[in-house]
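Which chain is which? The protein sequence lines are H and C, in order. Going by the numbering used here, the first residue of the first sequence is number 1, and it counts up by one from there. Going by the numbering used here, the first residue of the second sequence is number 352, and it counts up by one from there.
Careful: at least some of the hints might be erroneous.
[Said to hold, decoys possible] Here chain C is said to cover these stretches of chain H; the calculated rule only asks that three of the stretch's residues, wherever they fall, bring their Cβ under 8 Å from a Cβ of chain C:
#: 1; segment: 47-61
#: 2; segment: 139-145
#: 3; segment: 179-186
#: 4; segment: 333-339
[As the list claims (entries may be wrong)] Cross-link-like lysine to any residue pairs, in silico, SDA-like; alpha carbons within 25 Å at most:
#: 5; chain 1: C; residue 1: 594; chain 2: C; residue 2: 621
#: 6; chain 1: H; residue 1: 155; chain 2: C; residue 2: 594
#: 7; chain 1: H; residue 1: 243; chain 2: C; residue 2: 660
#: 8; chain 1: H; residue 1: 155; chain 2: C; residue 2: 451
#: 9; chain 1: H; residue 1: 133; chain 2: C; residue 2: 556
#: 10; chain 1: H; residue 1: 200; chain 2: H; residue 2: 253
#: 11; chain 1: H; residue 1: 243; chain 2: C; residue 2: 544
#: 12; chain 1: H; residue 1: 133; chain 2: C; residue 2: 565
#: 13; chain 1: H; residue 1: 190; chain 2: C; residue 2: 452
#: 14; chain 1: H; residue 1: 308; chain 2: H; residue 2: 283
#: 15; chain 1: C; residue 1: 660; chain 2: C; residue 2: 515
#: 16; chain 1: H; residue 1: 154; chain 2: C; residue 2: 542
#: 17; chain 1: H; residue 1: 85; chain 2: C; residue 2: 486
#: 18; chain 1: H; residue 1: 115; chain 2: H; residue 2: 200
#: 19; chain 1: H; residue 1: 239; chain 2: H; residue 2: 155
#: 20; chain 1: H; residue 1: 200; chain 2: C; residue 2: 515
#: 21; chain 1: C; residue 1: 660; chain 2: C; residue 2: 544
#: 22; chain 1: H; residue 1: 85; chain 2: C; residue 2: 550
#: 23; chain 1: H; residue 1: 133; chain 2: C; residue 2: 545
Everything labelled a hint here was simulated from the structure, so no lab data went into it. Each residue gets a CB set at the ideal place from its N, CA and C atoms; glycine is no exception.
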Amino acid sequence: MRGLLLFLLLLAGNARAEGVLHIYNWNNYISEETVTRFEAQCACRVMQDYYSDNEEMLAKLAAGASGYDIIVPTGNAMESLIRQKALRPLDKSKLPNLRNINPAYLNTAFDPDNKYSVPYAYTITLIGYNVEKMRELGLPTDTWAVIFEPEYLKKVKGRITVLDSQRELMAAALKYLGYSANDTIEAHWKQARDLIIRAKPYWAAFNASSYIKELTIGDVWLVHGYSNDIFQANLDAQKAGRKFSIASSIPTQGAVLALDSMVLHKTGPRPDLAHRFINFMLDGKNSAELTNLIGSGNPNLDAMRYIKPEIAQNPAIFPDSQHQAKLEMLHDLDRNQRRILSRMWTEIKLR
Amino acid sequence: MSENHTRLTPTARLNRWLKNVACAAKARRQAAKKRSLHGVNEHSEPVANAGLASTAVFRLPVKWLVSGPPFIFLLLFFAAPGIIMVLASFRYPGEFGGLAPVIATDPNTLHGFTLETYRFFFSDLIYTEIFAKSFLVALATTLICLVMAYPLALLIARSPKKSRNLMVLLVILPFASNFLIRIYAWMILLGPQAVLSHLVNGLLGAFGMAPVHLLFSSFAVLVAMVYVHLPFMVLPLYTNLEKHDPALLDAARDLGANAWQRFWCVTFPLSLPGIFSGSTLVFIPVLGMFAIPDILGGTGDMLIGNLIKEQFLGTRDWPFGSTLSIMLTIAVLACVWLAARLGGRRKRHA
Chain H
1 MRGLLLFLLL LAGNARAEGV LHIYNWNNYI SEETVTRFEA QCACRVMQDY YSDNEEMLAK
61 LAAGASGYDI IVPTGNAMES LIRQKALRPL DKSKLPNLRN INPAYLNTAF DPDNKYSVPY
121 AYTITLIGYN VEKMRELGLP TDTWAVIFEP EYLKKVKGRI TVLDSQRELM AAALKYLGYS
181 ANDTIEAHWK QARDLIIRAK PYWAAFNASS YIKELTIGDV WLVHGYSNDI FQANLDAQKA
241 GRKFSIASSI PTQGAVLALD SMVLHKTGPR PDLAHRFINF MLDGKNSAEL TNLIGSGNPN
301 LDAMRYIKPE IAQNPAIFPD SQHQAKLEML HDLDRNQRRI LSRMWTEIKL R
Chain C
352 MSENHTRLTP TARLNRWLKN VACAAKARRQ AAKKRSLHGV NEHSEPVANA GLASTAVFRL
412 PVKWLVSGPP FIFLLLFFAA PGIIMVLASF RYPGEFGGLA PVIATDPNTL HGFTLETYRF
472 FFSDLIYTEI FAKSFLVALA TTLICLVMAY PLALLIARSP KKSRNLMVLL VILPFASNFL
532 IRIYAWMILL GPQAVLSHLV NGLLGAFGMA PVHLLFSSFA VLVAMVYVHL PFMVLPLYTN
592 LEKHDPALLD AARDLGANAW QRFWCVTFPL SLPGIFSGST LVFIPVLGMF AIPDILGGTG
652 DMLIGNLIKE QFLGTRDWPF GSTLSIMLTI AVLACVWLAA RLGGRRKRHA
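Please model the entire structure based on the sequences and the hints provided.
So, in structure tokens, the structure goes:
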């Protein structure tokens, strides 16, 4: 199977023109203008493939997909790629713009000294809500309790969705219980599971994609979701002239930060172009375009002056140091932990 | 012309039979039912045999040329992946997804073959539970489809020949748009701001009951399952019902059978093969469906398809995903075997 895929890719490779950069990126994770500008500058073409979650990307690579110069994985997925020796070390002499990156986002546990990765953008998994409704119902928006405690939940029964992601939901529950998002003690997991099962009857759905739309049209008032999705929901709601607005907030107990980084895949045929692209994206102006487009967090200090003030001043996108300190990045689980968690997840879904 | 000939024979036989035995006594009715099925077999067998005879005329290379490509296709894309799946189910999951190696380079890492996924599956009732739930959903979908599709198929089959094609076209028209788009459309139709929701909740309110959410519920899942699979029930039923000889019904009427008796003693038994193939076409895809529960389901609507999908994505546990898939395949094969036996027994008894 792998051989066949490789053969097909080679076939496709021969048909390609000179100077093509292959990027395997998240959906809607780069501005069209940025791509066009890079293509003009390097006199090459940028080909993009997309994924909508890390697991999908890892699964595709595990099944033998190759030929990507650049991939933009989240920390734990990147760690997994590094340990599989699937990545190419960076040549930092070709990346002078690296100095623009906020040191707080460098040298992470996933990639000490940034041998392989350069931070691209981040999202925070937090609480998104319909501002008017929450005020009307008198619900707090700065605590995970509003997602997990029946005394609050009964006011929003059927109007709340949580992410359809084992890790993210467990992390929120663990954070609420006062544990680390990366806690792997089974007893703590069981506590989190019970908390989730207790809250579940009040939730409308486990939802990872359509909650943006549901927030926008006002059918759902409260979500456990990603910061840039909630940003998008508010943009859409304003564009549609809704009488409410959508906001997000980082719970005081802390939340999950997902830092996406640009890495070079070993099978990429054009590391030279890839380095040029990374350096290009490290330029403040280019980097800011993404944040202005989708409301993603930006680790680039030079980008701040190009970012729209309403985004730059949003504490759920650029948190203060107090909230920042409580953000955690998720680490990968080993195979046994994954199986145990999946078993718990099945139980959560079935009960 | 030859079609007329083959049609005449069973009709004449049945007429003679019905003349002798009225559709009154229960035992005799039973016999008529079998007799009529026999008629259909006799009707179709010469056609099938004619087809076989003509292929025998082909020389061997031609035969291979005709049957070779589909055979190779099945071998490559069905048999081979099936075998890979079986082998994968006996291995350990890789640390990062995929599979652990069979032969270890480092003896301390997991390698080789194991029965652990099967042990994991059978040591825990929760997986049996999710299978049972999926079977129930598939069964309910099939029954609802059958009840809804039968009158429709009958209506089309009994319409004037001219309008039949148009009606069949209308049945398959939904396929013109993408499956996912149709599912997303149901999100709007069932949403709390939709007319349907207002109607249902207004009615419930009038009786003093609490409002319900139609979207993100088992109800939404069932509605979409039926909606998507209905044509797969209508079409086999229609092709079957369309072939029925109207003379049979005329004969039954002449013999004094009322509308219900004509349906129950003549049409229904003759349509059993259509019911079986339609039910199989609905039941099996529903069993493996994961997109509909994902999109329209609430917090408790996980089916076996979702669980398998998750083993390959979120959990990155290929061996256990393979084990679940094999269990599903075995369950599906058992169903097909059962259906074939049920259908087959009727044939043999005839």
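Going down the list of hints, with the structure as the test:
1. Check on the segment 47-61 of chain H: 5 of its residues sit with their Cβ under 8 Å from a Cβ of chain C, so the three-residue criterion for coverage holds.
2. With 0 residues bearing a CB less than 8 Å from a CB of chain C, the segment 139-145 of chain H misses the requirement of three and the coverage assertion fails.
3. As drawn, the segment 179-186 of chain H meets chain C at 0 residues by the rule of a beta-carbon pair under 8 Å; below three, the given contact is violated.
4. With 4 residues having a Cβ less than 8 Å from any Cβ of chain C, the segment 333-339 of chain H passes the three-residue criterion, so the hint holds.
5. Distance restraint check for residue 594 of chain C and residue 621 of chain C: the Cα-Cα separation of roughly 10 Å lies within the 25 Å cut-off, and the hinted pair is therefore satisfied.
6. With a C-alpha separation of about 59 Å, the suggested pairing of residue 155 of chain H with residue 594 of chain C is violated against the 25 Å cut-off.
7. Restraint check for residue 243 of chain H and residue 660 of chain C: the C-alpha separation of about 39 Å exceeds 25 Å, so the hint is violated.
8. Proximity of residue 155 of chain H to residue 451 of chain C is assessed by CA-CA distance (about 48 Å); at most 25 Å being required, the pair is judged violated.
9. Under the criterion of a C-alpha separation no larger than 25 Å, the hint pairing residue 133 of chain H with residue 556 of chain C is consistent with the structure, at around 23 Å.
10. The straight-line distance between the Cα atoms of residue 200 of chain H and residue 253 of chain H is roughly 20 Å, inside the 25 Å bound, and the hint therefore holds.
11. Distance check on the hinted pair: residue 243 of chain H and residue 544 of chain C sit about 16 Å apart at the alpha-carbon level, within 25 Å; holds.
12. Between residue 133 of chain H and residue 565 of chain C, the direct Cα distance comes to roughly 21 Å. Compliance with the 25 Å bound is thereby established for this hinted pair.
13. With a CA separation close to 32 Å, the supplied pair residue 190 of chain H and residue 452 of chain C exceeds the 25 Å bound.
14. Distance hint between residue 308 of chain H and residue 283 of chain H is fulfilled; the C-alpha atoms sit about 16 Å from each other, no more than 25 Å.
15. For a cut-off of 25 Å, the pair hint linking residue 660 of chain C to residue 515 of chain C is broken: about 40 Å separates their Cα positions.
16. Of the pairs offered as hints, the one joining residue 154 of chain H and residue 542 of chain C holds, with about 20 Å between alpha carbons and a cut-off of 25 Å not exceeded.
17. Taking the CA atoms of residue 85 of chain H and residue 486 of chain C, the gap is about 43 Å. The hint is violated against a cut of 25 Å.
18. The suggested pairing of residue 115 of chain H with residue 200 of chain H is violated, with an alpha-carbon distance near 42 Å, which exceeds 25 Å.
19. Distance hint between residue 239 of chain H and residue 155 of chain H is unfulfilled; the C-alpha atoms sit about 28 Å from each other, more than 25 Å.
20. Taking the CA atoms of residue 200 of chain H and residue 515 of chain C, the gap is about 49 Å. The hint is violated against a cut of 25 Å.
21. Taking the CA atoms of residue 660 of chain C and residue 544 of chain C, the gap is near 32 Å; set against the 25 Å cutoff, the hint is violated.
22. Note on residue 85 of chain H and residue 550 of chain C: the hinted pairing is violated, with a Cα-Cα distance of about 59 Å set against a maximum of 25 Å.
23. Under the criterion of a C-alpha separation no larger than 25 Å, the hint pairing residue 133 of chain H with residue 545 of chain C is consistent with the structure, at around 20 Å.
In this structure, the earlier hints numbered 2, 3, 6, 7, 8, 13, 15, 17, 18, 19, 20, 21, 22 are contradicted, and the remaining ones agree with it.
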